[in-house]
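Participant: Each chain, letter by letter, is given below.
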Amino acid sequence: GQNIDQPTEMTATEGAIVQINCTYQTSGFNGLFWYQQHAGEAPTFLSYNVLDGLEEKGRFSSFLSRSKGYSYLLLKELQMKDSASYLCAVRSHSGNTPLVFGKGTRLSVIA
Amino acid sequence: GAGVSQSPRYKVAKRGQDVALRCDPISGHVSLFWYQQALGQGPEFLTYFQNEAQLDKSGLPSDRFFAERPEGSVSTLKIQRTQQEDSAVYLCASSTPPGDSGNTIYFGEGSWLTVV
Chain A
205 GQNIDQPTEM
215 TATEGAIVQI
225 NCTYQTSGFN
235 GLFWYQQHAG
245 EAPTFLSYNV
255 LDGLEEKGRF
265 SSFLSRSKGY
275 SYLLLKELQM
285 KDSASYLCAV
295 RSHSGNTPLV
305 FGKGTRLSVI
315 A
Chain B
21 GAGVSQSPRY
31 KVAKRGQDVA
41 LRCDPISGHV
51 SLFWYQQALG
61 QGPEFLTYFQ
71 NEAQLDKSGL
81 PSDRFFAERP
91 EGSVSTLKIQ
101 RTQQEDSAVY
111 LCASSTPPGD
121 SGNTIYFGEG
131 SWLTVV
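Keeping their order, the protein sequence lines are chains A and B. Under this note's numbering, the final residue of the first sequence carries the number 315; numbering is consecutive throughout. Under this note's numbering, the final residue of the second sequence carries the number 136; numbering is consecutive throughout.
It is worth saying that the hints were derived from the structure and are not from the lab. Using N, Cα and C, we set each Cβ at its ideal position, and we do this for glycine too. Check each hint, because a few of them may be wrong.
[As the list claims (entries may be wrong)] Partial pick of chain B residues on the chain A-facing surface, computed with a CB cut under 8 Å:
1. Phe53
2. Gln61
3. Gly62
4. Pro63
5. Tyr68
6. Glu72
7. Ser115
8. Thr124
9. Phe127
[As the list claims (entries may be wrong)] Below are the BS3-like pairs computed for lysine-lysine, each with C-alpha atoms no more than 27 Å apart in a straight line:
10. A:Lys272 x A:Lys307
11. B:Lys77 x A:Lys307
12. B:Lys98 x B:Lys34
13. A:Lys307 x B:Lys31
14. A:Lys307 x B:Lys98
In isolation and in its complexed conformation, chain B is listed as follows (with noise of 0.2 Å):
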C-alpha cells in the first residue's frame, strides 16, 4: 500500500483480556518500529525488527507485551491481560531502505487502545 496501514484504528478492551494490533508497512520498508504514546506526550520506543529479526524490544514495558514479524512484512503486537496504564495510541512505523537520505521514519494512523 501507499502508507503505513494499522488496524484496528481504535479498541476498547476489558480489563485483563489479550489483544493484538497489526502493523503493514511501507512496501520494501526492512525496518519496522513500534512506538507507544499516551495523550499529550510524544511517542516512546517499544521494539524494532529489521526483517524478521526483532533488534532491540528493551522499550517493552512488561513481558505482557509481545511483537513478532515472522515472514518479514507484517507485525504484530501482543498485549496480554491488559491493565488500565495500556490505554495509549500504539504506533507502527517503517523505515526507508539504508542508504536513503536519513532514514525516514513513516507513521501509521496508530491504533487507539483503551482499557476499561
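With the rest of the complex left out, here is chain A (with noise of 0.2 Å):
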C-alpha cells in the first residue's frame, strides 16, 4: 500500500523557520515533491526531490533520505503569506505517472 504522513497542523512565528516533516512508505520511488495550497486556492509546485540531500530554493529547502523514506520542507525568514497548507508527495513508479499525496500541514504564520 502506499502510506504517506505528514503533521496535521503547525504553528510558526513571523521571521522564524519552521519544518514540515514527512514520512512514507510506498510499493515504488520515483521522487519526492512538495506543493504549496493556499485556502480556495490550486496546489503550487514547490520542490523535487529524487537524489539523497538537500535541495535549496531561495527561503525554501527541501531534503530527502530514501533509506528512512523520509523528507522535510525547511522554510526560512517566514512571511504571514506563507500561511497555507504544505503537501507531500511522491511518485512511486517512472514517467508520467500519477503522485500520491499526503493529507498536508497547514501552518500558521503568527506575527
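Using the hints, put the two chains back together into the complex; each one sits in its own frame.
Facilitator: Following this line, the structure appears as C-alpha cells:
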C-alpha cells in the first residue's frame, strides 16, 4: 500500500524557521514533491527531490533520505503569506505517472 | 493557455443530477490527471491519461464516475446521479513531457462541486 504521513497543523512566528516533516511507505519511489496550497486555490509546485540530500530554492529547502523514507520542507524567514497547507507527494513509478499525496500540513504564521 | 484551465469553477447540483467538469491542460502536456480533494484533506487520485489513452482509473470511486479525453487534449470528468458524498473540489493537472526534470505536475484551480 501507499502511506504518506505529515503533521496536520503547525504554527510558527513571522521571521522564524519552520521544518515540516514527511515520512512515506510506498510500493516504489521515483521522486518526492512538495506543493503549497492556499485556501481555495490550486496546489503550486515548490520542490522536487529524487536523490538524497538538500535542494535549496530561495527561502525554501527540501531534504530527502530514501533509506529512511523521510523528507522535510524547511521554510526560512517566515512571512505571513506563507500561511498555507503544504502537501508532500510521492511518485511511485517512472514516467508521467500520478503522485500520491499526504493529507497536508496546515501552517499558520503568526506575528 | 498559460496554465491548466478548469470549468465550471463552482457547480451546485441537486442530488441525482448529472454533472460534467471540463479540463484544458497546458499546451503540449501529454499526461493529464484528475484528483478529488475533500475539505482539509490532500488530493486523492482518480484517473489519468497519456494522450487519449486512459492508463489508470483505479481511483474512480464508483461506476457513476467516468472520464474521457477523446482527442488527447481537453478532458471531461462526468459524474452521474450525483450524491452528497461527491461534494468536493475536483482538481485537474497536467505534466511536462517525459524527460523534463521531475515530470512536474501542474494543477488547475479546481471545480468546486456541492451536491444538495
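Participant: Next, verify each hint and record whether it holds.
Facilitator: Against the structure, the hints:
no.	hint	verdict
1	Phe53	holds, 6 Å
2	Gln61	holds, 5 Å
3	Gly62	holds, 4 Å
4	Pro63	holds, 5 Å
5	Tyr68	holds, 5 Å
6	Glu72	violated, 14 Å
7	Ser115	holds, 4 Å
8	Thr124	holds, 5 Å
9	Phe127	holds, 4 Å
10	A:Lys272 x A:Lys307	holds, 20 Å
11	B:Lys77 x A:Lys307	holds, 21 Å
12	B:Lys98 x B:Lys34	holds, 15 Å
13	A:Lys307 x B:Lys31	holds, 24 Å
14	A:Lys307 x B:Lys98	holds, 25 Å
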